[in-house]
Amino acid sequence: MFDPWPDDRPVNARWLDLAERGHLSYDRDRYRIHGIPNNVVELIWGGLLTDHPDGPRLTDTGRTRLAAERARDDHDTGARQPDAMPPLAAAWVRENVWPPSWLKNFNHIPGPLMDCPCQGPPSSECQAGRHGECRHDGRPIRETVIQAGPNRHARHPEPHAHPSADLRSGVNDLAWVWRAGPPCRLLCRCACHHEKPLIRQSAGETRPGWWWVNCCGRIITRREWSDDAWCRTAGDAQALADWHIAGEKGPAPADSPGLPDPAPARPGAGREQLTFF
Numbered sequence: 017m018f019d020p021w022p023d024d025r026p027v028n029a030r031w032l033d034l035a036e037r038g039h040l041s042y043d044r045d046r047y048r049i050h051g052i053p054n055n056v057v058e059l060i061w062g063g064l065l066t067d068h069p070d071g072p073r074l075t076d077t078g079r080t081r082l083a084a085e086r087a088r089d090d091h092d093t094g095a096r097q098p099d100a101m102p103p104l105a106a107a108w109v110r111e112n113v114w115p116p117s118w119l120k121n122f123n124h125i126p127g128p129l130m131d132c133p134c135q136g137p138p139s140s141e142c143q144a145g146r147h148g149e150c151r152h153d154g155r156p157i158r159e160t161v162i163q164a165g166p167n168r169h170a171r172h173p174e175p176h177a178h179p180s181a182d183l184r185s186g187v188n189d190l191a192w193v194w195r196a197g198p199p200c201r202l203l204c205r206c207a208c209h210h211e212k213p214l215i216r217q218s219a220g221e222t223r224p225g226w227w228w229v230n231c232c233g234r235i236i237t238r239r240e241w242s243d244d245a246w247c248r249t250a251g252d253a254q255a256l257a258d259w260h261i262a263g264e265k266g267p268a269p270a271d272s273p274g275l276p277d278p279a280p281a282r283p284g285a286g287r288e289q290l291t292f293f
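Here our numbering is used: the first residue of the sequence shown is 17, the next is one more, and so on.
Among the hints, erroneous ones may be present.
Claimed, not checked - Calculated cross-link-like contacts (lysine to any residue; reagent style SDA-like; alpha-carbon spacing at most 25 Å):
(1) Lys265 with Arg146
(2) Lys120 with Ala105
(3) Lys265 with Ile215
(4) Lys265 with Trp241
No lab work stands behind these hints: they were computed from the structure.
Start from the sequences and build out the full structure, keeping to the hints where you can.
Next up, the structure:
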């Protein structure tokens with residue numbers, strides 16, 4: 017038995033989209049252990065997907081989570097639009113048009129070439145707790161670059177500015193291709209980029225009225241390998257959250273002396289056990 021997928025844990029909704037549309041299937045040649053990517057296995061363990069003879073499919077919980085992902089921030093997980101081309105046509109393009117290096121990378125790990133950057137999970141920096149280094153902040157990105165030959169990019173006669181801050185100078189002569197309409201953009205799904213606060217107040221039997229901070233599915237502590245997560249006041253918790261989002265650089269803010277903010281425990285709420293994980 018595995019624990020259900022927490023509501024506050026980020027999820028790559030593209031896999032839920034594919035499951036809803038019946039596009040997930042088993043491939044024992046590519047995925048020799050489970051027949052599916054590890055990301056899909058985690059969604060099955062979390063109760064969002066379930067095994068099916070034709071490939072993983074959505075559970076009721078997964079269907080609810082997919083609807084929430086589509087509604088949040090008007091986030092387009094990919095299911096609103098039909099496929100750009102039939103799967104067989106896309107396979108022909110990969111085999112006959114793509115540079116060999118692209119095809120090799122796709123056959124090894126298809127995700128980075130198939131996922132839209134706005135549908136991905138939190139950045140590797142945020143997943144590692146280095147929130148101050150994350151640059152996935154809504155900048156528009158290009159779709160691809162025109163190829164002039166095998167492994168050779170097409171170039172314009174003169175350098176020109178691009179509407180993207182992901183290029184260091186913002187000016188070059190590469191023939192980038194941009195999508196029409198609203199630009200695709202890098203958007204980290206980490207909670208530290210949202211306006212919703214990461215701070216929570218205990219309402220169980222364990223330290224009612226005290227505060228703690230949650231980000232990226234883990235409890236923030238002042239010291240590594242400890243459970244030093246409790247804060248007496250909301251201000252202390254905010255300082256701890258700010259320190260965490262800044263990349264946990266320098267000493268962690270100390271907890272204030274004195275009594276905690278009052279908050280009576282809810283009847284039957286049970287104990288709240290906060291430990292690092």
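Okay, the hints, checked on the actual structure:
no. : hint               : in the structure
1   : Lys265 with Arg146 : holds, 9 Å
2   : Lys120 with Ala105 : holds, 18 Å
3   : Lys265 with Ile215 : holds, 19 Å
4   : Lys265 with Trp241 : holds, 17 Å
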